[in-house]
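Required output: the full structure, derived from the provided sequences and hints.
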Amino acid sequence: MSQSNTFTLDGKTIPYNEGQTIIQAAMAAGVYIPHLCFNPEFKPHGSCKLCTVKANGRQTASCTQHPAPGMVVESDTIEINDERRALLQMLFVEGNHFCPSCEKSGNCQLQATAYEMKMMSPHFDQFFPDRMLDASHPEYLLDFNRCILCSLCVRASRDVDGKNVFALSGRGIKSHLIVNAKSGRLADTDFSGDDKAAHVCPVGVILKKRVGFTIPIGQRSFDEQPISATPHPQGACPVGPRSNTATLPPHPTVKGG
Amino acid sequence: MSSLLETAANPENLRRVAIDPLSRVEGHGKVTILLDDKNKIHQVRLHIVEFRGFEKFIQGRPYWEVPVMVQRLCGICPVSHHLAASKALDAIVGAKHLTPAAEKNRRLMHYGQILQSHALHFFHLCSPDLLFGFDSDISKRNIVGIAQKYPETAKRGILLRKYGQEVIRHTAGKRIHGTGSVPGGVNKSLSITERDELLKDIYQIVAWSRDAVHMVKELHHNNPELYNSFGAFRANYISMVGFDGSLDLYHGRLRARDENGHILFDGVDYQNYSELIGEEVKNWSYMKFPYLKSLGTERGWYRVGPMSRIQNCDFISTPLAEIERREFMAYSGVMPMHAPLGYHWARMIEMLHAAEMIKDLLHDDDITGSDLIVTGERGFEGVGVIEAPRGTLIHHYRVDENDLVTMCNLIVSTTHNNQAMNEAVRRVAQQYLHGHEITEGLLNHIEVAVRAFDPCLSCATHALGKMPLQVEVLNEAGEQLSSLSRTSDGILST
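Protein chains in written order, with our numbering: chain P, 368 to 624; chain U, 645 to 1138.
Keep in mind the hints are simulated off the structure, nothing from the lab. Think of the CB as a built atom: it goes at the ideal place given N, C-alpha and C, for glycine as much as any other residue. Among the clues, some could well be false.
[What the hints assert, rightly or not] Here are some of the chain P residues that sit facing chain U, going by a computed Cβ distance under 10 angstroms:
#: 1; residue: F465
#: 2; residue: N531
#: 3; residue: L574
#: 4; residue: G585
#: 5; residue: L615
#: 6; residue: P617
Spelled out as structure tokens, the structure:
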């Protein structure tokens, strides 16, 4: 790596390789830049804008922006963090995010990022949108109340599973997640629990049924350390089971089935 | 069992005095009193004007979310809702019998809840009334006043509650609104470290709980006229009792007795509660009035909670609490105790029982077991009943084939006690307010009667003696003749 392949991030020198984006280079160097729609396994989408940084004085999404030699990047500043907090607050009020009774609580990247950004209230008026659940699939539940339109499931289904089960529909404030079936029900798609798309949701939309609160408080992804200190989380990735904690129970049997 | 004073014959010419709100925590409660120009009481009503809506918005949610969601009904005894919902949903996942580790950890959580809630209710909320007097100096009638005059009592109250909260934290993950219980079992058992940490203090907790029973007992013995008659009325009573007839706050069958202590029904599977209990609606309260269907609405109302449970069971399985139960029963004599202040005595006996049960469970190897969840044949309907700190708590759910809740019915202890609390405030109004100029101290008598039943209506009132009150006296034209108000700083003004 030549000396010239570095940039500074909040004053720290960060090396990078050709092709890496700012956030990829930062992660490789162990520096956290808040993000939601970015997942290193997928092509960047640049939509949530949480990873916005100032590169040479100009705001840009660090998940799509490639660094240049000697570039001066600012991320952890009062100004940018205020904007990130406002973005998070808008995400919270646009959907129905009731962390107290959400089974993704403690494993949720939206919640963990909000804690990281010290978001103490939603600030804006709640939209309280009327959104449905799709419980048609025998193994998976979709709770659209919590969708932040990150499109990770869309990308995973399309790019990894080769299925196109999920898509974003509508425009602007009417954008919403849909599934690929005439009935609009997950059960009528070719979705499977083995799909990559079943395991990438950073919030509580795509949920394996009957898991619920099986992971005790204290062993969820962000119980012991904040998201900034956690290697990139992949949905729920609890600390490994201990002898006094539950493992997933077998499904209840269905009479005659 | 009359409901005298429920409705005045000619309300149009009476003055209306309102105690509103009784509380600013779990919803709002208020008492309205209709008086004539000689301050004679014609009507007294306790209104619970809360709307919680949980039964509605739980519909359409996945069933495994329910135990965590419904516990948000309450910040004082959320564990009760957490466990009652879990018990109901055990039937949905086909868990007919939990593993020993699961049942014992749930029980431990529940006894932790009973201990902390009973300690809070007695020491923080009610001891100021009982130790200082109902119309004592209002500026001292609170837990801070207790801490100044009886520092050891206040300290024990705080530490008893803290211990109960620690039991909950270790079993549920958090002191309030945890996630320990799941359909079919629990998500964790105690670790060895957690168990040993709790074991350190449990002997002290048992001893302090025993002292607390003795303290209340002494209050009864020192002033039997007051304690045996204050707000006293006769009523039926029901509770869950263990399969062997013991006091069992976690599981068992339903038993009801009439006002003379004779069995009305016994050994009833609570899955059939709706065949026994009806709910009447009255146009002046948002809370329903449950009644025993066999006796009808007029005679079928009943009491739940510690005083019902202690007098309903045949024995208590733990030795120290059993000694106290016998003394309680001997004190009340052939007829059951009906005086509301008896609740405090019974409550402390239960606190002692909970402490003893915690001690036993901590010595049981199953409490650190690893077999935590069972499932069986999928069900579609479940009823869960638990004896919450304030009384019998019923949760009832139906779940569709897609795992979403289609029906939810909750009957909480405050609802069971609705008519009973109304009767108690009517008696107190008759005994103390009838024909007198109304003062803050007299109004507190009404609150003392309510507090004996249900701290969900009193937690804010006594937390620091800052319950805001406004009393207005209106003439028949609705014009204000006089008013008395107390701000949240405890300042009285007219």
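Exercise for the section: With a cut-off of 10 angstroms on the beta carbons, see whether G585 (chain P) makes it to chain U. Expected result: Hint on G585 (chain P): holds, closest Cβ of chain U at ~6 angstroms, below 10 angstroms.
Problem - Hint status (Cβ of F465 (chain P) to nearest Cβ of chain U, threshold 10 angstroms) - result: Cβ of F465 (chain P) sits 8 angstroms from chain U, so the hint holds.
Exercise for the section: Report holds or violated for the interface hint on L574 (chain P), using the least CB-CB distance to chain U and a cut-off of 10 angstroms. Expected result: Hint holds; L574 (chain P) Cβ to chain U Cβ min 8 angstroms, cut 10 angstroms.
Practice task
Could you check if P617 (chain P) really has its C-beta closer than 10 angstroms to a C-beta on chain U?
Solution key: Given a least distance of 6 angstroms, the restraint on P617 (chain P) holds.
Exercise for the section: Hold the hint about L615 (chain P) up to the distance rule: shortest CB distance to chain U must be less than 10 angstroms. Expected result: Holds. Min distance 8 angstroms.
Handout entry: Hint validity - N531 (chain P) Cβ closer than 10 angstroms to any chain U Cβ
Key = violated, 24 angstroms
Going through the hint list in order, the structure does not satisfy hint 2, though it satisfies all others.
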